[in-house]
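Please put together the full structure from these sequences, using the hints given.
Going down the list, the sequences are from chains H and S. Counting from 467, one number per residue, gives the positions in the first sequence under the numbering used here. Counting from 17, one number per residue, gives the positions in the second sequence under the numbering used here.
A hint or two may mislead.
Claimed, not checked - Okay, the calculated bits of chain S under chain H, using three or more residues with CB under 8 Å as the criterion:
1. 139 to 146
2. 162 to 170
3. 301 to 309
4. 321 to 332
5. 383 to 393
6. 398 to 408
To be verified - Keeping only pairs whose Cα atoms sit at most 30 Å apart, straight-line, the calculated DSS-like set for lysine-lysine is:
7. K637(H) <-> K510(H)
8. K185(S) <-> K909(H)
9. K489(S) <-> K469(S)
10. K652(H) <-> K185(S)
Claimed, not checked - Partial list, derived from the structure: chain S residues whose beta carbon lies under 10 Å from chain H:
11. N31
12. F33
13. M34
14. I37
15. G150
16. S174
17. Y175
18. T176
19. K185
20. T186
21. N187
Read the hints as simulated data drawn from the structure, not as lab findings. Ideal Cβ positions, reconstructed from N, Cα and C, are used throughout, including at glycine.
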Amino acid sequence: MKYFSYVKITFFSLILTSILVGCSKWLELKPRDGIVSDAFWATKEQVDAAVNGIYASLLAGNGGDNRSLVDYMFVWGEARGDMVEPGFRASADELNLVNLNILPTNGFTNWANIYETINYCNVVIDNAGQVLSRDNTFNQDHLNRSIGQALAIRGLMYFYLVRTFRDVPLKLKATNSDDDISPIAKTSGDSILNQIVTDLTTAETLVPTTYSKTSAYDKGRVTKYGVNAMLADVYLWMENYSACVTQCDKVIASGQYGLVPGGSFFTQLFLNGASSESIFELQFDQQILNPFYNMQTPSNKRWGAAQYVPETVFGVDLTNAIPQVDYRGPNASYRNADYTIWKYVGADNLGDAIRTLDQSDAPWILYRYADILLLKAEALNQLDEPLEASRLVKRIRERANALELTTMDSTDKSSMTTYILNEREREFAYEGKRWFDLLRNAKRNNYENLNILITAAELSVPQSMQQAAFNKLRDQNSHYLPIFNTELQSNSLLIQNPYYR
Amino acid sequence: MTRSLTLKYKHMKKNRFMFQIVSVLIAYLLIVTSCSKYQYNEMTSADVNITGYLDRSPDSFSLFREIIDLTGTASFLNAYGAYTCFVVTNDGVKFWMDSVGIKSLAEADINTLKNLVRFHLLNDTLTTGNFTDGKLQTPTMYGQYLITGANYVNGISSYTINRQASIIKTNVQVGNGIIHVIDHMLIPASKSLAQSIEDNPDYSIFVEALKETGFYDTLNILTGDSITMWRTVIAESNQALSDSGFYSFAELKAKYSNTGNPKNPKDSLNMYVAYHIINGLYYLGDIINYSTMLTLMPEEVISIKLSNQDIILNEGEFNGVVEKGVKLNRSKSDNSATNGVWHSDEAHTMAKLRAPMPLYWDVCTFPEILNQPGYYKKQTLIFSRATADVYPIASINWEWKTASNFVKYTYGSSSTIGVNAINADLLEFPFGSPNRSSWIEFTTPVVIKGRYKVWICYSAVNVVTVNVKVNGKLMTRPVNFGEFRPAGTPAELESIGWKAYTRDSLAWRANARLIGIVDIPTTGSQVVRFESVSGTNASSYLDMIQFIPIDDEQLLPRFNVDGSQYRY
Numbered sequence: 467m468k469y470f471s472y473v474k475i476t477f478f479s480l481i482l483t484s485i486l487v488g489c490s491k492w493l494e495l496k497p498r499d500g501i502v503s504d505a506f507w508a509t510k511e512q513v514d515a516a517v518n519g520i521y522a523s524l525l526a527g528n529g530g531d532n533r534s535l536v537d538y539m540f541v542w543g544e545a546r547g548d549m550v551e552p553g554f555r556a557s558a559d560e561l562n563l564v565n566l567n568i569l570p571t572n573g574f575t576n577w578a579n580i581y582e583t584i585n586y587c588n589v590v591i592d593n594a595g596q597v598l599s600r601d602n603t604f605n606q607d608h609l610n611r612s613i614g615q616a617l618a619i620r621g622l623m624y625f626y627l628v629r630t631f632r633d634v635p636l637k638l639k640a641t642n643s644d645d646d647i648s649p650i651a652k653t654s655g656d657s658i659l660n661q662i663v664t665d666l667t668t669a670e671t672l673v674p675t676t677y678s679k680t681s682a683y684d685k686g687r688v689t690k691y692g693v694n695a696m697l698a699d700v701y702l703w704m705e706n707y708s709a710c711v712t713q714c715d716k717v718i719a720s721g722q723y724g725l726v727p728g729g730s731f732f733t734q735l736f737l738n739g740a741s742s743e744s745i746f747e748l749q750f751d752q753q754i755l756n757p758f759y760n761m762q763t764p765s766n767k768r769w770g771a772a773q774y775v776p777e778t779v780f781g782v783d784l785t786n787a788i789p790q791v792d793y794r795g796p797n798a799s800y801r802n803a804d805y806t807i808w809k810y811v812g813a814d815n816l817g818d819a820i821r822t823l824d825q826s827d828a829p830w831i832l833y834r835y836a837d838i839l840l841l842k843a844e845a846l847n848q849l850d851e852p853l854e855a856s857r858l859v860k861r862i863r864e865r866a867n868a869l870e871l872t873t874m875d876s877t878d879k880s881s882m883t884t885y886i887l888n889e890r891e892r893e894f895a896y897e898g899k900r901w902f903d904l905l906r907n908a909k910r911n912n913y914e915n916l917n918i919l920i921t922a923a924e925l926s927v928p929q930s931m932q933q934a935a936f937n938k939l940r941d942q943n944s945h946y947l948p949i950f951n952t953e954l955q956s957n958s959l960l961i962q963n964p965y966y967r
Numbered sequence: 017m018t019r020s021l022t023l024k025y026k027h028m029k030k031n032r033f034m035f036q037i038v039s040v041l042i043a044y045l046l047i048v049t050s051c052s053k054y055q056y057n058e059m060t061s062a063d064v065n066i067t068g069y070l071d072r073s074p075d076s077f078s079l080f081r082e083i084i085d086l087t088g089t090a091s092f093l094n095a096y097g098a099y100t101c102f103v104v105t106n107d108g109v110k111f112w113m114d115s116v117g118i119k120s121l122a123e124a125d126i127n128t129l130k131n132l133v134r135f136h137l138l139n140d141t142l143t144t145g146n147f148t149d150g151k152l153q154t155p156t157m158y159g160q161y162l163i164t165g166a167n168y169v170n171g172i173s174s175y176t177i178n179r180q181a182s183i184i185k186t187n188v189q190v191g192n193g194i195i196h197v198i199d200h201m202l203i204p205a206s207k208s209l210a211q212s213i214e215d216n217p218d219y220s221i222f223v224e225a226l227k228e229t230g231f232y233d234t235l236n237i238l239t240g241d242s243i244t245m246w247r248t249v250i251a252e253s254n255q256a257l258s259d260s261g262f263y264s265f266a267e268l269k270a271k272y273s274n275t276g277n278p279k280n281p282k283d284s285l286n287m288y289v290a291y292h293i294i295n296g297l298y299y300l301g302d303i304i305n306y307s308t309m310l311t312l313m314p315e316e317v318i319s320i321k322l323s324n325q326d327i328i329l330n331e332g333e334f335n336g337v338v339e340k341g342v343k344l345n346r347s348k349s350d351n352s353a354t355n356g357v358w359h360s361d362e363a364h365t366m367a368k369l370r371a372p373m374p375l376y377w378d379v380c381t382f383p384e385i386l387n388q389p390g391y392y393k394k395q396t397l398i399f400s401r402a403t404a405d406v407y408p409i410a411s412i413n414w415e416w417k418t419a420s421n422f423v424k425y426t427y428g429s430s431s432t433i434g435v436n437a438i439n440a441d442l443l444e445f446p447f448g449s450p451n452r453s454s455w456i457e458f459t460t461p462v463v464i465k466g467r468y469k470v471w472i473c474y475s476a477v478n479v480v481t482v483n484v485k486v487n488g489k490l491m492t493r494p495v496n497f498g499e500f501r502p503a504g505t506p507a508e509l510e511s512i513g514w515k516a517y518t519r520d521s522l523a524w525r526a527n528a529r530l531i532g533i534v535d536i537p538t539t540g541s542q543v544v545r546f547e548s549v550s551g552t553n554a555s556s557y558l559d560m561i562q563f564i565p566i567d568d569e570q571l572l573p574r575f576n577v578d579g580s581q582y583r584y
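The following block contains the structure:
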């Protein structure tokens, strides 16, 4: 009997102990190290945090490869163009982009980072509204500008996708949990562009012209004029020229922006950042550095300037005793001594000092005033107003002290087209715009000028692969990157771009 | 064991409660751990192999599958390995069957089929990323190389293989390699170079020259005869020859055959043919990677240049005169044969007999500085080399060290160092073991074959002694970059290997040192290498390297600071 009670007592006390020391909330399923969405969308601060998260995702490295979005923006915009040369640290994937030998296994065809940012935008768009009823200090105005910024950045991201991949899946609802994941088919590039226009025109009415803080703050956020700049770029891509001009005029009429003096082109735009010319830029600082230190400095060179850039793009003055120098050329876009791309790693405009790693915070300028003027010039020229276009180009050239390499024929539309393309090459060297400029001009009027791409390939593709590259470029599908392998495997509805079959 | 169980059982009998608990626990444990048959994966991979891939879609590949069955390669292609296989669709195989006139594959000669399968297989995994304008890096199992390219038809670009087939589906990964699906059979070349050129009546004069000189037999080797000797031939069409005034073989022979026996290697007709044959297999995509190629004509090279998209042979500048080259005809080139490839040029070309000519080479005339007119003859520019992997100047290489991580284009005639320098520029480089580089190498412009005296012209500042090697051959006299020439008349000085090379013959820093006599066997670029002997300094100043034929005047011309020659 004694034995029985001993066993019984031990048994019950064990059960009792396990109940007493067990989890107090043992049916509670909420994670203990985070906030769930029901608890999150409660205050206006949380909405602001979510919007900040969108911007943070533009700066930082996301996804498995931890490659930052700006890295992709640079490589997508420059690698297939004719202004860069892969350096000694370029990866095989990068060399294959230059050679136009692109496979669906190429890491640079991975769009995961862009969609991650798109999802952050979708989360804000879907959820910010409910805070109105929960937080009395959150007003409609605040809600508008939060959703406006999310819409604008979503539009910008889709614009990158549509220019790089053409047909991509269109996801406009947030993915909050695994239940929301289902295969999505591709949407045609044209429908994507229409969606971008819808997003951006809505955003235009929602975001303010200024956030009434510092002027630098406005450069790093999407303002109304930032949206106008994006719209102008999108309309030009869609060959809707009058709409492009209208959007450019809105920015010009605002009087908020101007061209910085030529002499301080490099210092104000890239060294100091947040210049009066900048409309929307990604601002890095010591907490989040830009990726260029490990990409462009001489000892880490993945990408450098092509060797013919000094002479054929910017030109060299041989006649004057004191040579005329394009302010945008030597020691601004590139450094003479070793063809280092200077805009993001240079620490002075003499070509002497290079930024150290912790100073690597040059901004990535998405849109600036010069862009607006040249977008407008390109659109005007297509509207058969080459003379009007030439005036805008002249403003850019005078600011830059540009050399007269070829004469500008302001009476002829097609020669102005080439001239504007060349001027954009000089003005936006290494700002991730070159390939898109080439492609936009090549594909205009149903690929009227395919030759533009072939001429560029002649400069950039190695001799032993040129003939194949030319024939590849004749296929329009080859101008867009393939869908990355893992995306194809995980999304059963995706169909590969037929060129990469 | 039994005892303890019996004891326990006794207890349980007494204590039914305890028994219940234990049985419930045991039942519970049994439920939890009860065996459900688990399907273990016994394979490392579910990927199919090449044969398996063919089996999966018989609609497309049944005929190709039949070929590998007939030839007994099916099991081989189903085993592990790393192959690249060009798989032909049924339409492609049918097209081939029609062309050779057979109704079923069983009728075909088994050896032909075996060769065909070998021609479609490579012992390597090659994706389209490895494709160039030339041949694939690995030969087929048949022994011949495949050439790749791209083609644009009806709005679609696709890769082409051997100009015979287009790729329909690229880079299919299977367990034992990579499959490319192609639309036509690849047929290996069956004729030798000689036969293949002979088949083309447009080249009859050239073929006759081949026969007369005996090179026809050299080029008439079929694969399988001992070791295949790959050769590349640049054939001249009758059109190209008649443009140069040779309307028949007789005329060609009359012009060149100086000994009357074209089989004699000293005969110029023999040399003409030899000059058009290169040892090795070079498709156009390969040729353009070289600046010169050695021909069968002893010590004579063909120079190669890519201008826009044209491949130009033998275009060059000799003594300031540009000589027009001849163009290769892309559409008539890259013709595969069993023992090589032949191309066609658009005009007649022949090696030129050139007398040795002096080269007065200002070492600061490399393209990397000439391309920067903002600096060239204007200001100093440092060519930095952050790591050993960087080569800022293609024609100058040196042992990379932390203290030798740059060379400097030094401009300026304001100091005594540069006051007499030709073009007012000097190449300044840190040199000397142990902390600075122990060697530096310069690739010169073209030097015509012959016997030369070599002069090193420098600005004497810091003591660093170097040995000089030309094409790896050690020259007789070292150079000290800090040594001034002794007093004496120019003739006296020449006899002991000194001269003033600048117009100001009294210039004390600017000195030229004769390092010895060298035989240049082949017209082309030469390599001059300095090797550290003693002394080390951050600044050695080199101005010129001169190659002057031994019979020529060595002291004149001297040079002005603006680069012009002074002959008095």
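Any of the earlier hints contradicted here, and which numbers? none
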